Amino acid sequence: MGKYIKTRRVRGIRVPHNKGTKDCATRGLISPPFVVLPMSQHIGAPATPCVKKGDRVFVGTVVGRANGFVSADVHSSVSGTVREVSPFLMPNGARSEAVVIDSDGEFTPEPALRAPEVETAEQLSQAVAASGIVGLGGAGFPTHVKLSPPKNCVIDTLIINGAECEPYITSDFRGIVEEPESIVEGIKLVKRLLRIPRAVIALEDNKPEAAEILRPLLKESGIELLMLPTSYPQGAEKVLIANVTGRAVPVGKLPADAGVVVLNVGTVASIHKYIKTGMPLVSKRVTVDGDAVSEPCNIFVPVGTPVSFLIECCGGYKAPPKKLIMGGPMMGVALYSGDYPVQKNTNAILALSQIELTGTNACIRCARCVDACTMRLSPVEIQTMYETGDLEGANALSVMSCVECGCCTYACPAKRPITQIMRLAKLGIRKAGIK
Amino acid sequence: MTNELYVTSSPHIHSSKTTRAIMLDVLIALAPAAAVSVVLFGARALLLEVFCVALCVALEALWCRLRRIPVTVGDLSAAVTGLLLAFNLPAGLPLWQAAVGCAVAIIVVKMLFGGIGCNFVNPALAGRVVMAVSFAGTMTEYAYPATAEGLVASATPLGIIKDGGSVDALTLFLGNHGGVLGEVSCAAILAGGIYLVARRVIKPVTPVVFILGEILFAALFGCPHPIEAALSGGLFLGAVFMATDYVTTPYTDLGKAVFGLGCGLITALIRTFANSTEGVSYSILLMNLAVPYINDLCRRRPFGKEAGK
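In order, the protein sequence lines correspond to chains S and F. Numbering-wise, the first sequence is residues 1497 to 1931 according to this note's numbering. Numbering-wise, the second sequence is residues 85 to 393 according to this note's numbering.
Since the hints were derived computationally from the structure, they do not count as laboratory data. Mixed in with the good hints there might be a few duds.
[To be verified] Pairs of lysine-lysine residues, derived as DSS-like cross-links and limited to a Cα-Cα distance of at most 30 Å, are as follows:
id, chain 1, residue 1, chain 2, residue 2
1, S, LYS1772, S, LYS1749
2, S, LYS1499, S, LYS1647
3, F, LYS101, S, LYS1922
4, F, LYS287, S, LYS1911
5, S, LYS1647, F, LYS389
6, S, LYS1911, F, LYS101
7, F, LYS389, S, LYS1499
8, S, LYS1818, F, LYS389
9, S, LYS1749, F, LYS101
A quick note: this is a predicted structure, and the numbers were derived from the prediction, not measured.
Throw the hints in and build the complete structure from the sequences for me.
Following this line, the structure appears as structure tokens:
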């Protein structure tokens, strides 16, 4: 055990829950007239489109091939005809190729789909790579990479992330309530094939109903259930590892370097479903919420469904939206248009009728950002360094460790965009090649 | 509809705490001590407090107007500075002298360095020290409450203790003795401090370390009544309201503890060995100057970084 860096518990901050959709059973799959499938829905190299205009595709047909190891296949989520393959502006400003498919509304599955034979860790990793599954907690890291830890890393703990610490989002919670068997079977499979001695499902203690449902299924399974305090960002990978195992992921390293693999509850459920049926990741359980939405709910959505169509399926807007957020309010991305599609790693769409643009005041050096920082950095000093152009200094204060959880900005009484400054500092350091 | 969407960097929600709310909490926390000062020293205390607050706010507003920058008095920090400065004055001080202190605090120490968040020493304390050396006579003509009895009716507790006498601790704690406006009642200051801690405006670490450190060092240096001495003078006022000023104190808990300990040590040194009976202002101002170094040495170790690397 001595080889791991020990750490104290990461306490996090308190944010409002707003989990109003937690009791609403997931509505059935909606049928969009067309879907837009960007080739970059994951961390890593974008996939390469492998269909052309006019091609007939089915649910589960590969439309984009992974480009290298850290990449993921993209599959059609509807049956229909490819309308076009064209560049698409992502919310982060980058351009990515996207395959647009006109749906025939039939959802005919790809005839060639077969449930894969999976008896070894290698086969599991290959199968998951073929399924296009990426981290469904939000980051979208290709899952087969996580399932192929470097040979020099001994994995002794599998953590299943059901913390769902972001306000509003309840899709993971609904997943636990509605299909706990898929989750438990998925965990058993990964645990067995990767020969991981310890498996822990980590929940926040504001979800006792989920714990009640899981507990009977975990009897004699060797899987632990751990209730962690409700705090943000409890579900951030490094925070979760620290609070479950007491180990810190070394700076610039991956969870495997702390002997841990972390998978989201939705991810293990998707793995189980793929192994059983051979159907890749083509639809998602998504929380639709926010005060501008008529019918906040959880709903099954084909990947690629335009957000505006999804909102229409939820009764449309009841107030003009000022902000459309893909993901939670702490780390989600503000969309520039309702044309943007739901991605594989999308777990929520929020439409807010109010924006919190209060104007920025002078920093009073209260150090609330220092107390709030998950990674124990000194945002107050890093922001000053960035503003004075001292990128080397910001790098020396480990700004590259920032996980962009948003706690500093949330806590700031002067309403300064500290997280954004951290991002800009990281970008500047990368561009300048500062080591 | 969609062309009215706002796009900003996450997070998209913020806590309800604002600079103004924090400063309002500080003003509320100062209210008990202000009330005690009016009870003990009469209407003249109220006049000084209102005068200093109004002048500090007016000076900051005027400065912003003249420089054609946004007027920042709405954050209430100038009002806090004004009240804290008044708390450091004896009740009988001429108003024009108080005005000089306000001008030094707001114009010289705060605005010339860039306004809120940019001053490197505490404005109220710097104003007080300038007044203490400029108006040495009137600044030490302490007022004595009519209700005070015995030695404390004509001398300050610190003077009495330094001359070898002793003062009843309960009298000191409640504040029925002479001194400057805001410092006399430890009970009132403590009530304000507890309010600030409960509202999470300040952390208790600095005041606790400062006060305990001062008692410890005073005892080590041979003070016969270290606890009574700690209850006398400006120690509680300084520890609770000045040494916890955000701008001029360290960021981390460890830094705050180092800061408090340094303040305690310097206060005890001045009170024991210097000509002056009081050393709280100087100790805090000196430690203010050390804050950049303390911050540099007391940063938290980033998550996932190994010790010593």
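Inset, instruction - Starting from LYS389/F, check that the Cα of LYS1499/S is at most 30 Å away, please. - result: At roughly 13 Å apart (the allowed maximum being 30 Å), LYS1499/S and LYS389/F satisfy the hint.
Inset, instruction - Compare the distance between the alpha carbons of LYS1499/S and LYS1647/S with 30 Å, and conclude whether the hinted pair is satisfied. - result: holds, 16 Å
Inset, instruction - Mind checking the alpha carbons of LYS101/F and LYS1922/S for me, to see if they're no more than 30 Å apart? - result: holds, 27 Å
Inset, instruction - Below or equal to 30 Å on CA atoms is what counts here, so check LYS1818/S against LYS389/F. - result: violated, 41 Å
Inset, instruction - Measure nothing beyond the straight line between the CA atoms of LYS1911/S and LYS101/F; if it is 30 Å or shorter, mark the hint as holding. - result: Status holds; Cα separation ~9 Å.
Inset, instruction - For the pair supplied as a hint, LYS1647/S and LYS389/F, confirm whether the alpha-carbon distance does not exceed 30 Å. - result: Measuring from Cα to Cα gives roughly 23 Å; hence the hint holds.
Legend entry - Holds or violated: LYS287/F to LYS1911/S, with C-alpha atoms at most 30 Å apart: holds, 21 Å
Legend entry - Given hint LYS101/F paired with LYS1749/S - CA-CA distance at most 30 Å: violated, 35 Å
Legend entry - Hinted pair LYS1772/S and LYS1749/S, Cα distance within 30 Å: Cα-Cα ~33 Å, so violated.
Figure legend: structure checked against the earlier numbered hints; hints not met, in rising order: 1, 8, 9.
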